[in-house]
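*Asks:* Now for the letters of each chain:
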Amino acid sequence: MTDTTRESGGRNKSASRAGTFELKSRRFSLLGLVLHSADMAELSADWARRAGAGGFEHEPVVIDLSQVPRAPAAAAAEPVEGQAPLALDGPAPVDLKAIVELLRASQLQPVAVAGATPEELALAHELGLADAAEEPAAERAVPATPAETVREVVREITVETIVEKPVPVAAPAPTLIVDKPLRSGQQVYAKGGDLVVLAVVSHGAEVIADGSIHIYAPLRGKAIAGARGDTSARIYTRSLEAELLAIAGIYRTAENPLPADVAGKPAQVYLQGEKLLLQPLS
Amino acid sequence: MTKIVVVTSGKGGVGKTTTSASFATGLAMRGHKTCVIDFDVGLRNLDLIMGVERRVVYDLINVINDEIKLTQALIKDKQLDKLYILAASQTRDKDALKQEGVERVLDELKAMEFDYIVCDSPAGIETGALMAMHYADEALVVTNPEVSSVRDSDRILGMLSSKTKRAIEGKEPVKEHLLITRYNPNRVEGGQMLSLDDIHEILRTPLIGVIPESESVLQASNQGTPAIHLQGTDVAEAYKDVVARFLGEDKPMRFTEAVKQSWFKRVFGAK
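Listed in order, the protein sequences are those of chains A and B. Heads up: the first sequence runs through residues 1 to 282, numbered per the numbering used here. Heads up: the second sequence runs through residues 1 to 271, numbered per the numbering used here.
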């Protein structure tokens, strides 16, 4: 995504370039939704439980169907040798329309499918999704041996995960600086970088950063650092009174009172393994 | 230059309308041409407290819908010739408040050379409250010394700094003033109410005044008189101080210290 902005910025400046556009090959890193189940009811329940809270900002997503257990339909249960069993009357296609709706409702922007059967691909084109044929699609479309197909039926892993592929851009994201108080109901998200807040973060306000969070005032609301899984992110504040502290998904709420040596005092919060440590700052 | 002041709070029943009435009256008493508008469409209150409910013929919604001229809807106060009231409609709801309509009414008032337009906001954070604050230059945030009221005020302060016209257009932010009402220093001392320091620590907004808890507020609204008119009461004095501070005068805070009541007063009652 960073590439796109840079590219358009550059284009504006160089008037000498011939033509109004260029078609170039580009590589982007995208979120991939790897499905392990085709059961929509099960999937949407699990989605609501694990990702329903949102926090997405219309990021593009590739729906990866390559891991979906493919139960062969009755007609194709005994694939005849030399026949392409999945071409037409293959397994029941994944309900792409429902998945697209699910993702859009969570502020994600599905852009393509990967590892789809021809039937699913046709459906994807209808829905305006592209084919992200990363690996040779044939590898999965035709199971190597019938025996393997049977194993797929038995498999009952119904976990769906969001896998983030490594971001190749090395340039550090800019720090977001907020100098006004963050009041109840307000939310600030420093995407890709650190967040610095110079005024109070009130009860009911939320500060979120992909990097660390520095608050030079009392922190009374919720602070979520390392929102995309950076376990080295930390939270610093002049006065720790937070309702919720989270780093890379490990969190602690105010239900469990803050220890006396940090409550209402300057402190830092960081992760050690799976444990959130609260340390006073002198 | 006309200044638009919104009186808001988030929470209901904290004294917005009482404050709007007394504040607008106070500005007019000081010789400023002032109009007070009731934005609480569907639940008229301001006209009752201002004692003009029998004189309401047309209201804000009639003007917004272009049914009548603004001058027909403006009610002139009987005591102060610089004070005008624009009542809310009781038969409509808040969806009748349209942004263009509100802007046109405010522009017409500006053209009539009003010094101050006081907008009495409804409770809540929906259309009515957003409309009342949208064009504000300054805001009086009314808070009671208890946790839920302070939280709601925090929410409203956030909206003032993000949802108003000034915030959206990136102009100088709305000037915020905190007004604490129903303050009872004796109950603060007893730990039943938040103290001024506690409230300041949470909200960090400049304090424009403290209105003590008093029976005379109830008495005033029953009589249809703005509380600022009740001569000799601490509430009237406190509102006069608020108006003076708003106009840039330096006045020390009053009625914020606990008073030890003598047994005599306790037995025979005190004001």
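If you're looking for bench data, these hints aren't it; they were derived computationally from the structure. Note that this is a predicted model, so its numbers are computed, not measured. Backbone N, C-alpha and C define an ideal beta-carbon position, used for all residues, glycine too. Worth double-checking, as some hints may not be accurate.
To give an idea of the chain B side of the interface with chain A (calculated C-beta under 8 angstroms), a few residues [what the hints assert, rightly or not]:
(1) Thr91
(2) Arg151
(3) Arg155
(4) Gly158
(5) Ser162
(6) Arg166
(7) Leu207
Straight-line alpha carbon distances no greater than 20 angstroms define the calculated DMTMM-like cross-link-like pairs of lysine to aspartate or glutamate that follow [to be verified]:
(8) B/Lys165 x B/Glu103
(9) A/Lys180 x B/Glu138
(10) A/Lys265 x B/Glu201
(11) B/Lys171 x A/Asp46
(12) B/Lys240 x B/Glu103
(13) A/Lys180 x B/Asp81
(14) B/Lys3 x B/Asp137
(15) A/Lys180 x B/Glu169
(16) B/Lys163 x B/Glu146
(17) A/Lys180 x B/Glu103
(18) A/Lys265 x B/Asp198
*Asks:* Checking hints one by one. Is B/Thr91 an interface residue toward chain A, by the C-beta closer than 8 angstroms rule?
*Replies:* Where the cut-off is 8 angstroms and the nearest Cβ of chain A is about 32 angstroms from B/Thr91, the hint is violated.
*Asks:* Should the interface hint for B/Ser162 be scored as holding, given a Cβ-Cβ cut-off of 8 angstroms against chain A?
*Replies:* With a closest approach of 7 angstroms, the B/Ser162 hint holds.
*Asks:* Can the restraint linking B/Lys3 and B/Asp137 be considered satisfied, given a maximum Cα separation of 20 angstroms?
*Replies:* 6 angstroms, holds
*Asks:* For the pair we were handed, A/Lys180 and B/Glu103, check the Cα-Cα distance against 20 angstroms.
*Replies:* 28 angstroms, violated
*Asks:* Would the pair A/Lys180 and B/Glu169 pass a check requiring their Cα atoms to be no farther apart than 20 angstroms?
*Replies:* 17 angstroms, holds
*Asks:* When you check the alpha-carbon spacing of A/Lys265 and B/Glu201, does it fall within 20 angstroms?
*Replies:* This hinted pair holds, its Cα atoms lying about 15 angstroms apart.
*Asks:* Keeping to a limit of 20 angstroms between CA atoms, is the pair of B/Lys240 and B/Glu103 held or broken?
*Replies:* 30 angstroms, violated
*Asks:* Would the stated hint for B/Arg166 survive a check requiring a Cβ distance to chain A of less than 8 angstroms?
*Replies:* 13 angstroms, violated
*Asks:* What's the verdict on B/Lys163 and B/Glu146, does the C-alpha distance respect the 20 angstroms limit or exceed it?
*Replies:* 25 angstroms, violated
*Asks:* Taking 8 angstroms as the limit, does the beta-carbon of B/Arg155 come near enough to a beta-carbon in chain A?
*Replies:* 4 angstroms, holds
*Asks:* Let's test the interface hint: is any C-beta of chain A closer than 8 angstroms to that of B/Arg151?
*Replies:* Holds, because the Cβ-Cβ distance from B/Arg151 to chain A comes to roughly 6 angstroms (cut-off 8 angstroms).
*Asks:* Can B/Gly158 be said to touch chain A, with a Cβ gap under 8 angstroms?
*Replies:* At about 3 angstroms, which falls below the 8 angstroms cut-off, the nearest Cβ of chain A leaves the hint on B/Gly158 intact, so it holds.
Hint check: violations occur at hints 1, 6, 7, 11, 12, 13, 16, 17; the rest are consistent with the structure.
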